[in-house]
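Visitor: One-letter residues, chain by chain:
8 protein chains.
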Amino acid sequence: MKVYLSGEIHTDWRSEVEAACEGLDVTFTAPVTDHGASDDCGAAILGAEPDKFWHDHKGAKLNSIRTRNAIEAADVVVVRFGEKYRQWNAAFDAGYAAALGKSLIVMHGPDHQHALKEVDAAALAVTETPRQVADILRYVLTGRLPG
Amino acid sequence: MKVYLSGEIHTDWRSEVEAACEGLDVTFTAPVTDHGASDDCGAAILGAEPDKFWHDHKGAKLNSIRTRNAIEAADVVVVRFGEKYRQWNAAFDAGYAAALGKSLIVMHGPDHQHALKEVDAAALAVTETPRQVADILRYVLTGRLPG
Amino acid sequence: MKVYLSGEIHTDWRSEVEAACEGLDVTFTAPVTDHGASDDCGAAILGAEPDKFWHDHKGAKLNSIRTRNAIEAADVVVVRFGEKYRQWNAAFDAGYAAALGKSLIVMHGPDHQHALKEVDAAALAVTETPRQVADILRYVLTGRLPG
Amino acid sequence: MKVYLSGEIHTDWRSEVEAACEGLDVTFTAPVTDHGASDDCGAAILGAEPDKFWHDHKGAKLNSIRTRNAIEAADVVVVRFGEKYRQWNAAFDAGYAAALGKSLIVMHGPDHQHALKEVDAAALAVTETPRQVADILRYVLTGRLPG
Amino acid sequence: MKVYLSGEIHTDWRSEVEAACEGLDVTFTAPVTDHGASDDCGAAILGAEPDKFWHDHKGAKLNSIRTRNAIEAADVVVVRFGEKYRQWNAAFDAGYAAALGKSLIVMHGPDHQHALKEVDAAALAVTETPRQVADILRYVLTGRLPG
Amino acid sequence: MKVYLSGEIHTDWRSEVEAACEGLDVTFTAPVTDHGASDDCGAAILGAEPDKFWHDHKGAKLNSIRTRNAIEAADVVVVRFGEKYRQWNAAFDAGYAAALGKSLIVMHGPDHQHALKEVDAAALAVTETPRQVADILRYVLTGRLPG
Amino acid sequence: MKVYLSGEIHTDWRSEVEAACEGLDVTFTAPVTDHGASDDCGAAILGAEPDKFWHDHKGAKLNSIRTRNAIEAADVVVVRFGEKYRQWNAAFDAGYAAALGKSLIVMHGPDHQHALKEVDAAALAVTETPRQVADILRYVLTGRLPG
Amino acid sequence: MKVYLSGEIHTDWRSEVEAACEGLDVTFTAPVTDHGASDDCGAAILGAEPDKFWHDHKGAKLNSIRTRNAIEAADVVVVRFGEKYRQWNAAFDAGYAAALGKSLIVMHGPDHQHALKEVDAAALAVTETPRQVADILRYVLTGRLPG
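Chains as they are written, first to last, in the working numbering: chain A, 1 to 147; chain B, 1001 to 1147; chain C, 2001 to 2147; chain D, 3001 to 3147; chain E, 4001 to 4147; chain F, 5001 to 5147; chain G, 6001 to 6147; chain H, 7001 to 7147.
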């Protein structure tokens, strides 16, 4: 099963999910999680831009080669909304995955519940912790429940 | 041409776009813009829920009947990011529209430029004002430029 | 908006929905609701079959010309599970609509709740009365809530 | 060839099919067949719900991650209708598979023939025993007939 | 309802179907039924070819502009196999329609039954007369049976 | 590259193509080429039918499990029209493959040229011999021309 | 029938086609044919860019809103290659239309025959004059041949 | 990751990209780059044609078996526009890839910038050198930037 881990890149939630899934037949993919590389890749490879908009534009397009291919190849898309930043790209990925009919799992704290209600409504599961994501993947693949 | 106007519901940007498009062969659609009705429609029609999550869930699903049908029927999807709130549903709609191959026009102020770079990268135009959106629609339909 | 009314054919729930939607811009479609005609159409048009299986088979295929075209053309599919019969064709229609990404509304009494949980989980609304279906369609089309 | 075995979970028909297919190049998938785990997985992983509807809802959605992925990946979908329960999820799966253009094989006893006529009409084979399903798969893969 | 009438062009079965459907909300489309024009259209418009293969090739491609657009736009495709000629284009149209998921109705005499078994197996109805085709369309559209 | 070899089952053209492709990275698939098994598989597995139509119907549907899966999985579909029989299933397969956008190669003698002009017009190559088919596959895969 | 007229914008071939189609049930669409407006629309509406690449980029994206919507809505796409300029956008449109399965008609002079062989190979007709295009459309719609 | 290298066949840019990607998990595909074989394959395999148009036509169709299968299987399509020839097939491939939603990377010198603006607008990256293409693929696959 191919699982794309979208969203927050400033905590180690991805490695927690992966560690908790040890032994399962899952292949994880993710965006580039090095914030600096992700921001500057366009200029670094294709040349500097004096205008911040185009600097960002070139980088965002390069990143979309990775993210769109990964979402399209995924069976399950997990989108994590963290505490910081606007995270519109996470919500964009969730909409993208939903339109493709991917199985969507959302992860966020209770304080974001109301603001994320449209995203949650498109999901097959709304979780709060990496452990819950791993428990879902284990159950989906093996039928075993935690505990 | 069918144009879906997604996003911010607390300013009158939709009526500005529509007024500036007078005379053009455009049909506009939009989400329900009455914030209270949009929040409470699920409970009002299907029955109250003691848990806020399910209250919101029922409402968000009803709203998605309208929004998904409108996005799928649209030729062009305009997504406006305003100054207030998290607006994750706007970004979700943008991702949904992008995955369906819809022509995407984004509208937001310059302060959101960096945070919206992934959304902007999927768009065919990034605008700041309702006038620009109307100018684009007029040009696309008639070939006439402003001024 | 095109709405297909699938399922139970032995009560007048369809006319109740239609009456309660008066004035709305909705086109309703439905299967043939004459039970006898629906059962015997294959033999009546294409010739009698001594074997009940093929008698039913010819009829079911003719009916599927109508139902599949209607589901594929629909924006919203409403599936009503009544009190009587197995109603596997209703559940089949729900699955068919879900796979096509149609907006699904389910209607059934509370006694069927557990048995229909997989169908309900694919729906954007679970209702109990024709009035609720009409209220949803009115809200989706006009933004107006009941009462 | 990937074959999804949908429907009844209270008899050992799946293992009979699999045993009778020994030596064939077939990968079988199936829903979680532990009735208790299937009913309670949502609450067990995502937290208890006081309302039975939402308890079931959370579970049904988790199960759909497994079932939809398996149906979409399958070349052939076999749906078994047993003697007990409403089995609307089996009919739902059949409709879902039909809409995706999957090769559908139905298995049921003669007493369900009339009630399942719409489902049978969408199938490429209507069988009564696991042996017949295995015979079909062997013939499809190798061209060899039984006996 | 849009109905494409494919196949035999040397009898008046199309006008019989159309006459028997008078009053129904059906739009009929068909290939060019002037045999000479159909054979020579390519050369007549695009220039003569010394080689019969290319003469036919240019014509067949022009005809496919009409036939493919009509099949893709159709809700129902009726394919008539007559007594004369090889009629491979009729079988080709049937396969084309089947792959697009169109509702397929086949018409042929009993002597072609065995040779057409694969085509019949993909059809929702196998008829022998224009009257039966019209009866099906009337039933599908109005629920009324003949007689 | 996956290549489906459709059509005539009474000569050894398939083994000629396969022998001439030795060493190439091609996987060939084909219908069941045992005429008797292909005709009687439905009755043999699912039970006898007194009516020849249903006897054939059950068999044709079983065969379509194999053929449709193979066509849908194929990169290239080769359709051979031989000297004998009506071969409507060959033309049906060609139409099916064309509608799915598969690369179509047709093989037939010059005497069938006019009758097959619509099928030829949908093909990317019209051949007369197994050797030509193998030469095409070798060229497509390696860039090497014969001789 | 909807026909998109792509390619060369410096001669009056579009009006010749349209005039020669008078009386036919055809709706023609086209790109913006005012060369200056087409080049500068992005900067005129969205703001000037010091870098020519981004000036062109903004304009090309606005134009693609019109052209992609028109190609996707078209039944037939006609692509004219003129005598001047590189005309890569014409070839791009042809590839875009081909991938969507649109009926493609190409128009160009004999001197471009070899260079356009891949484009011609994807077309259902290769023409040299507006008259031929009109003759094709008339034949496709009415069955009437010229002269 | 599967990467199709389309366009110019008269320089060694493909081997430069491949060499610079050593160690990456990339599978490269390409058209036949032997100009003579590519031009004459149709006649060589299927027989000579006195008319240059049909000579080219038969060859272009054989080549399209390879190129379309490769584009459809690719995750990323790189299109190189060189200094010589019209290269309409390169632009055609770019349009074909864009319509299929493939990630498109374009490579060309600055002198072609204006003429290629529509192609560039559909791309996720516009490059000038094989090194840049390789840097993009490395970044997309590993997150590592050059230098």
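In short, the hints are calculated from the structure, not lab data.
Be aware that one or more of the hints could be misleading.
Claimed, not checked - Straight-line Cα separation of at most 20 Å, PhoX-like style, residue types lysine-lysine; simulated pairs:
| # | chain 1 | residue 1 | chain 2 | residue 2 |
| --- | --- | --- | --- | --- |
| 1 | C | K2084 | D | K3084 |
| 2 | B | K1002 | G | K6002 |
| 3 | A | K84 | B | K1084 |
| 4 | F | K5052 | D | K3002 |
| 5 | F | K5002 | C | K2052 |
| 6 | E | K4002 | G | K6052 |
Unchecked claim - Stretch-level coverage of chain C by chain E, calculated; a stretch enters the list once three of its residues show a Cβ under 8 Å from a Cβ in chain E:
| # | segment |
| --- | --- |
| 7 | 2043 to 2049 |
| 8 | 2084 to 2098 |
| 9 | 2105 to 2119 |
To be verified - Looking from chain D toward chain F, a few residues come up when the C-beta cut is under 7 Å (computed):
| # | residue |
| --- | --- |
| 10 | C3021 |
| 11 | E3022 |
| 12 | V3026 |
| 13 | A3048 |
| 14 | L3100 |
| 15 | S3103 |
| 16 | D3111 |
| 17 | Q3132 |
| 18 | V3140 |
C-beta: ideal position from N, C-alpha, C; glycine also.
Visitor: Compare the structure with each hint and give your call.
Guide: Hint by hint, here is what the structure shows:
Note on K2084/C and K3084/D: the hinted pairing holds, with a Cα-Cα distance of about 16 Å set against a maximum of 20 Å. Straight-line distance between C-alpha atoms of K1002/B and K6002/G comes to about 17 Å, which keeps the hinted pair within the 20 Å bound. Note on K84/A and K1084/B: the hinted pairing holds, with a Cα-Cα distance of about 16 Å set against a maximum of 20 Å. For the hint pairing K5052/F with K3002/D, the CA-to-CA distance comes to about 32 Å; that exceeds 20 Å, so the pair is violated.
A threshold of 20 Å between alpha carbons decides the hint, and for K5002/F with K2052/C the separation of about 42 Å lies outside it, so the pair is violated. Of the supplied pair hints, the one linking K4002/E and K6052/G is violated, its CA atoms being roughly 50 Å apart against a limit of 20 Å. Residue count for the segment 2043 to 2049 of chain C with a Cβ under 8 Å from a Cβ of chain E: 3. That meets the three needed, and the coverage hint holds. For the segment 2084 to 2098 of chain C, the stated coverage by chain E is violated: 0 residues have a C-beta nearer than 8 Å to a C-beta of that chain, whereas at least 3 were required.
Coverage of the segment 2105 to 2119 of chain C by chain E is violated in this model, with 0 residues showing a Cβ closer than 8 Å to a Cβ of that chain against a need of three. Checking C3021/D against chain F: minimum C-beta separation of about 14 Å lies over 7 Å; hint violated. The beta carbon of E3022/D is not positioned within 7 Å of any beta carbon in chain F (closest approach about 18 Å), and the interface hint is therefore violated. Of the supplied interface hints, the one on V3026/D is violated, with its beta-carbon coming no nearer than about 12 Å to a beta-carbon of chain F, more than 7 Å.
Hint status for A3048/D relative to chain F: violated, with the closest Cβ pair at about 44 Å, above 7 Å. Below 7 Å, beta-carbon pairs count as interface contacts, and L3100/D has none with chain F, the closest being about 11 Å; its hint is therefore violated. Among the interface hints, the one on S3103/D holds; its C-beta lies about 5 Å from the nearest C-beta in chain F, closer than the 7 Å criterion. The criterion of a C-beta within 7 Å of any C-beta in chain F is not met by D3111/D, whose closest approach is roughly 17 Å, and the hint is violated.
Hint status for Q3132/D relative to chain F: holds, with the closest Cβ pair at about 6 Å, below 7 Å. For V3140/D, the interface hint holds, since its Cβ comes within 7 Å of a Cβ in chain F; the closest pair sits about 5 Å apart.
Hint check: violations occur at hints 4, 5, 6, 8, 9, 10, 11, 12, 13, 14, 16; the rest are consistent with the structure.
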